[in-house]
Amino acid sequence: MPVTFTFGEMLSARSVIGSTLAELGETHENLWVLTPDIGATLVEFRDKYPDRFVDVGLAEQACVGIAAGLAYDGNIPVVSGMLPFLSMRALEQVRTDVCYPDLPVKIIGTHGGLVGNGGSTHYAVEDLSLMCSLTNMTVTSIGDPVMVGEIIRQSMHMTGPIYIRLAVGKKDKVLYEEGQHEIRIGKGIVARDGSDVTLFTHGTTVAQALEAAEQLAQDGVSVRVVDMFTLKPIDAELIERCAAETGGRFVVLEDHLSYGGLATRVADVVADRGIRLESFERLGIPQVYAGFGEDEQLRDKHGYGLSATVAALRRAVAPATRAAADEPAAV
Amino acid sequence: MPVTFTFGEMLSARSVIGSTLAELGETHENLWVLTPDIGATLVEFRDKYPDRFVDVGLAEQACVGIAAGLAYDGNIPVVSGMLPFLSMRALEQVRTDVCYPDLPVKIIGTHGGLVGNGGSTHYAVEDLSLMCSLTNMTVTSIGDPVMVGEIIRQSMHMTGPIYIRLAVGKKDKVLYEEGQHEIRIGKGIVARDGSDVTLFTHGTTVAQALEAAEQLAQDGVSVRVVDMFTLKPIDAELIERCAAETGGRFVVLEDHLSYGGLATRVADVVADRGIRLESFERLGIPQVYAGFGEDEQLRDKHGYGLSATVAALRRAVAPATRAAADEPAAV
Amino acid sequence: MTGATLDIGERHSVGELTDLAYELRRKLLELCGTYEGAVHIGGDLSVADILTVLFHHGLRVDPDDIANPARDRFVLSKGHAAVCMYIAMAMRGFFSYDEIVDTYGQLDSAYGMHPCKVQLPGVEASTGSLGHGLPLAVGMALSARHRGEKHRVVTLLGDGETGEGSVWEAVMAGRSQKLGNLVAFVDRNRQLMTSFAEERVMFEPYPDKWRAFGWNVIEVDGHDMAQLVDAIDRLPDPDSDVPTVVVCETVKGKGVDFMERNLAWHAGSLGADDLSRALAALDASRGTTAADVPPADTHEEAR
Amino acid sequence: MTGATLDIGERHSVGELTDLAYELRRKLLELCGTYEGAVHIGGDLSVADILTVLFHHGLRVDPDDIANPARDRFVLSKGHAAVCMYIAMAMRGFFSYDEIVDTYGQLDSAYGMHPCKVQLPGVEASTGSLGHGLPLAVGMALSARHRGEKHRVVTLLGDGETGEGSVWEAVMAGRSQKLGNLVAFVDRNRQLMTSFAEERVMFEPYPDKWRAFGWNVIEVDGHDMAQLVDAIDRLPDPDSDVPTVVVCETVKGKGVDFMERNLAWHAGSLGADDLSRALAALDASRGTTAADVPPADTHEEAR
Ligand SMILES: Cc1ncc(C[n+]2csc(CCOP(=O)(O)OP(=O)(O)O)c2C)c(N)n1
Ligand SMILES: Cc1ncc(C[n+]2csc(CCOP(=O)(O)OP(=O)(O)O)c2C)c(N)n1
Ligand SMILES: [Mg+2]
Ligand SMILES: [Mg+2]
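Chains as they are written, first to last, in this note's numbering: chain G, -9 to 321; chain D, -9 to 321; chain H, 3 to 305; chain U, 3 to 305.
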């Protein structure tokens, strides 16, 4: 049963994972769900399909390897867990057992970004960079809780692996009205149109981006917000179009290290296509281990909160824009 | 006893590792060498300092964790092994146990790139991307066997971690005459000067880059070859200077996926600094798992061998240069 | 433990240690009653006795000289019990309990959900991702051995944590490197985060696993202070060849009836009402050990 | 083994199997004599009997129907013995031996240093990085169990490989998932790449480790064909609850005196001269088992 929702409402993305998988378990008899002891949201699936639910306990490597073994035999395994561990502890298994034979294993989890106040062992801040490094991997980061269900559903048709990143996933704002945007893996979403500057973002910071755009609108600045929820393959056409249509002004905002994630994916396209930009600025996690604090506090502290986003957008549209001083010293 | 060498000679980089560590073991009583059963070249160190040599067998995770434990107690541990395994199997240990507390652990190993004919489980083709993703990590890739010793020696003064990548390391050409270049971690080496186009590279393909430059010279094209052996922190000043001094024409050549490695590091700088390029082309491993074959065969097959390098340089200096057709379809 | 240069500090009787553990649990519950976010209270309560006996009897450490090279090293491998360690250390004089309560989990606090050596000198390693502590401890024990130091390296693992392969790699390394100065405590509370042990992961025969990996095994009731003290006093000489594991039979949530062996209390927070209920339960449970708590009803659901 | 629908193929006597293993070793040495690069000949020779008994007696597989869902699955976890598997499979009719010899390790060959399922249908998984095969096998066995299929999933590991934590995670999972259809062979040749077992890594008491992890353990001389056949014939019903490990006591380099228990022959290549020496040694060693080969002189050096 698809979740019903209302635009602007708060929803738990985790519960969307749970209910979507339980729904798909019905139509896909080869769908399995595996977890390394992070199964709280999978209870519905577990209770309906106990034979296709595998909790291996604390054993991320085996979890991914077992998923690959299932996939070799024609199954569609979903590995669900906490991304700081799934993206690193099991990385070689993801690369060698899943990506190399190009198996339809889905990795989905929470704690992407400086979220959850667990401290630096518990933040996945380089996960998108790691996953984009892997051949055959499709990499996504989702902010809208309803979209989580949509992406999982679309991914059922994929022959290769996909990585789906969430933030904490306990309380997430529904960003899009039903049918408002075409949602397709590999295509960015113009979440808000605009013509002065493009603000690229993904995941948990899409809501913040929309808020920043709204503030700029009050100054008469028209900000385009692109929800680039697919980082790999990247929507290069859209990036090129945005450069042309928003005066070559780009700001990239993400709850991820500011190098290696979306900002770097955009920089790759800019270099490959010889796109001439007027300004380019990254808002994301600097080269530090962030410590404790609530999500918003950490974003503010590390220079990619709402006010920093507003400031960066203002800088982007100001004359003589290149803000070289903002470039981190050594990266 | 430092290795003596002659320019142009073939030398085993592995034996340089072995002899350098054995030499440093004498002056640094807190230097340890650890390996997960890849100890053949460490015999000299092992025999001289058996108490500071730890072979844990097949156990990459423990190897890195133990190294971190040693470093917490004031030691300088070197972990030596095969990079496909060290860079992935132990990645979370590298991130969480080494990089987060910023410990002086050195990771050095072989099989960076499509080398050694071991097949796709045995090639480290995304390792530089992975390592550059880690905060506090210094990332290097060395082609000249003598330089390997120099970099290890320099790294003894570092307070944080370093990653040192080699190819197979059995037979490597001495590229630089003694004292010819200043070698400093964090600074690129202009291995050959030139004014028409810059060819950035690192590691095993530096020799190939020099050969390509020589061929272009016969056509009257002046190629600057930059050995960008430090990928992180990247020498942004040098990149900016090269853009200005070689007509904004860049080719990046590397035995690594063409996204995520040096080419991407350069693209990051280009975007950050708003560098206007006339042309930019990546030569590296495309998004495939490469299969079997000897090093040179695989480079040729995958479009980054010598002739492909020569062709790319010619394209770069040809009028109306942007070779958009060469951009991979989906990355 | 038989250290070399560092004095063990004040000597406590088993009764005093039991009182200290009670005090530690009280403080834990109080923090859990005031802090808004979730606290890993289940796994904290399950190691309160172990951490008490370590910081007040077992470990040769000096709160006034935290970098003394002769100190015993303690690595909290089950890093989610950080706050229990912070308070145990505060009670030993390392930190201020009030500062812990006042800043826990707040921006830039040194006291967060998992121990961070970078931010909190006095803890020996940054942990929180499970399966990391034992390899670190092996490295520290190797270093001590090499320097001829006589201190021990002690680590505390969750039983679920020992599902991690990295743990068994380190178990093998500790044995192969002949580290008699290495001691692992396992909090054998028979619960993971979302399941009971044996329900989804079969750990039994548990102590045999360590034995088959060549370790010296001591089995105790992890809430019986006399047994814990005895285990520590029986540890082999740090110069010996075989590392020791102390398998502590424990109860997750120990001391608070509604939390005991209850999957819903892996982590949680107590309102003021629940706090007084919890404190009353704690008083009622004084003097009980793991053997007194009935086995789990494994049909109950994780929340 | 007792499969469901697939026939086991031609039945061989122990004597015939022994001859097939001899033949396999001959072919291995010949390839090692012609191919210029290094071959993992030590670890190949150590599993030649195991792979022979599997492909000619144990595994219900059909070279003419490689995707038959009822087939037993075989995962070569110690992927560096790939060429030994290729030849064993060729002898069973899967591949052409000549094609293996002609293309081994060459550009775009399907036959390379480590098995690649993508390039070589017929092998069940891409392996080579050690510690991956058992988790894959657990997944395949789970799938078979779920579908009510009666086939087995068999994997072959190196003893050194079982130092990897990922192996123990999968050992635990295989037991917890109650996979009686899962069988692991361990090539217990007591050598890693650069050291002898027990010298730097203590594996003993080795079979106890598997027992303590809840597996059914069978111990055999891995070069004694009668014992190997017997072990396979004694495997429990695939529908039973406990996975089985067959710990095979073996000799790295078995059959060639100058390679036996010699660290220098983890990998290598034979010139024409050495090839004839090796073949002569092979003939001389016919009929010997692991028990006949003296223990290693562990003071010899790895090259
Ligand atoms: C590598 C890793 N995976 C997952 C987690 C999330 N997690 C925290 S506690 C826990 C359960 C641990 O069980 P156990 O070790 O028995 O400790 P207990 O909860 O009983 O204290 C899990 C899965 C983690 N911290 N690290
Ligand atoms: C994860 C990993 N680390 C290292 C290697 C390199 N390597 C190949 S074989 C080998 C030794 C393996 O020992 P064992 O499992 O006993 O197999 P044997 O050599 O005896 O056949 C090593 C270290 C590898 N293939 N995979
Ligand atoms: Mg537990
Ligand atoms: Mg072996």
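Hints in this document: simulated from the structure, not taken from any laboratory. One thing to keep in mind: the hints can contain errors.
[What the hints assert, rightly or not] Computed, partial: chain H to chain D, Cβ under 7 Å:
#1 Lys119
#2 Leu122
#3 Ser128
#4 His148
#5 Gly150
#6 Pro238
Glycine included, each C-beta is placed from N, C-alpha and C at the ideal position.
So, going through the hints one by one against the coordinates:
no. : hint   : verdict
1   : Lys119 : 6 Å, holds
2   : Leu122 : 12 Å, violated
3   : Ser128 : 5 Å, holds
4   : His148 : 6 Å, holds
5   : Gly150 : 11 Å, violated
6   : Pro238 : 21 Å, violated
When each numbered hint is compared with the structure, violations occur for hints 2, 5, 6.
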